[in-house]
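Trainee: Sequence:
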Amino acid sequence: MIEVTEQLIREVYKTRPAEAKKYDYGHLLVIGGSKRYTGAPLLVALAAMRAGCDLATMAAPRRSADAVAAASPTVVTWPLEEDALSHASLPEIRKTMENKTAAVIGPGAGREEKTLSALRQILKECQVPAVIDADAIRAVGEKGADEIAGRPFVFTPHAFEFLALTGTDPRRAQFDQRMGMVKNVAKTLACVVCLKGNRDIISDGKEVAVNDTGSPFMTKGGTGDVLAGIIGALLARGIDPFLAAQAGCWISGKAGHLASVRKGEGLLATDVIHEIPHV
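Start counting the sequence shown at 635; every next residue gets the next number (the numbering used here).
Calculated directly from the structure, the hints in this document are not laboratory data. Be a bit skeptical, because a hint or two may be false.
Listed next, the in silico BS3-like pairs over lysine-lysine satisfying Cα-Cα at most 25 Å (straight line) [to be verified]:
no.: 1; residue 1: Lys758; residue 2: Lys729
no.: 2; residue 1: Lys758; residue 2: Lys840
no.: 3; residue 1: Lys758; residue 2: Lys821
no.: 4; residue 1: Lys729; residue 2: Lys669
no.: 5; residue 1: Lys655; residue 2: Lys734
no.: 6; residue 1: Lys748; residue 2: Lys758
From just these sequences and the hints, can you work out the full model?
Mentor: Given below as structure tokens:
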């Protein structure tokens with residue numbers, strides 16, 4: 635078992651050369667959002683930029699994209715005319731995929747069948763490293779696993795999403811058993827899987843890593859989106875998916891701890907984002 639420590643962060647973040655320029659440290663595409671969940675993709679994008687990604691573009695239904703455009707001048711928005719992701723959205727999404735170095739797919743997308751079907755097609759066509767989060771995990775769990783096996787993808791399920799992905803409930807297992815469960819599904823998918831919890835379990839199907847940073851106040855909605863954005867930023871910078879998942883969990887947990895010291899019960903996902911540069 636690998637214990638994730640601060641040493642890994644030092645290895646992931648090298649000193650930038652003086653001649654560094656825009657695009658050298660990645661351009662992340664975030665695909666998600668819906669009429670109901672407008673904020674999830676924004677949290678992903680802001681976390682990614684706080685974690686060192688140069689650019690973040692969000693492709694989302696217009697209501698979500700317009701809300702993000704109004705809330706943040708730092709995130710590029712690509713509005714989709716449909717009220718939810720669907721196959722009708724795919725031509726525009728294909729355009730947004732051009733020249734991106736990584737993606738986060740699924741946050742806030744919703745669970746309509748037309749959306750889950752579109753997410754499966756997006757995953758099938760995705761040619762860059764990607765974080766598979768939220769509703770995209772459910773899409774794979776229903777009928778999409780065979781088509782994405784072996785891709786440089788990082789799945790970031792919580793317990794209920796892990797159940798949707800695998801049909802097994804990690805809450806009913808002891809910690810050692812959960813490690814085995816995560817390793818087995820990572821091996822089956824030939825992808826990295828990160829089971830979120832008070833102790834994160836990360837596996838590439840060969841090794842298992844455990845991250846212990848975090849805070850009991852990180853139960854607030856949106857903290858999972860923050861983690862997805864951090865991992866997405868690291869993928870966009872060219873970091874190996876297994877290392878990116880480990881480092882992302884450590885950074886997210888450490889930032890959450892720092893935020894909880896100041897905010898306690900009042901902690902919000904945005905507070906975690908603000909602490910990312912301070913870990």
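Trainee: Is Lys655 within 25 Å of Lys734, Cα to Cα?
Mentor: holds, 16 Å
Trainee: Does Lys840 lie within 25 Å of Lys758 when you go C-alpha to C-alpha?
Mentor: holds, 24 Å
Trainee: Has the given pair, Lys748 with Lys758, been kept, meaning a C-alpha gap of at most 25 Å?
Mentor: holds, 15 Å
Trainee: Given the proposed pairing of Lys758 with Lys729, does the C-alpha separation stay at or below 25 Å?
Mentor: holds, 15 Å
Trainee: Run the distance test for Lys729 versus Lys669: straight-line Cα separation, threshold 25 Å.
Mentor: holds, 22 Å
Trainee: Between Lys758 and Lys821, is the straight-line Cα distance small enough, at 25 Å or below?
Mentor: Holds, at about 19 Å.
In summary, this structure violates none of the numbered hints.
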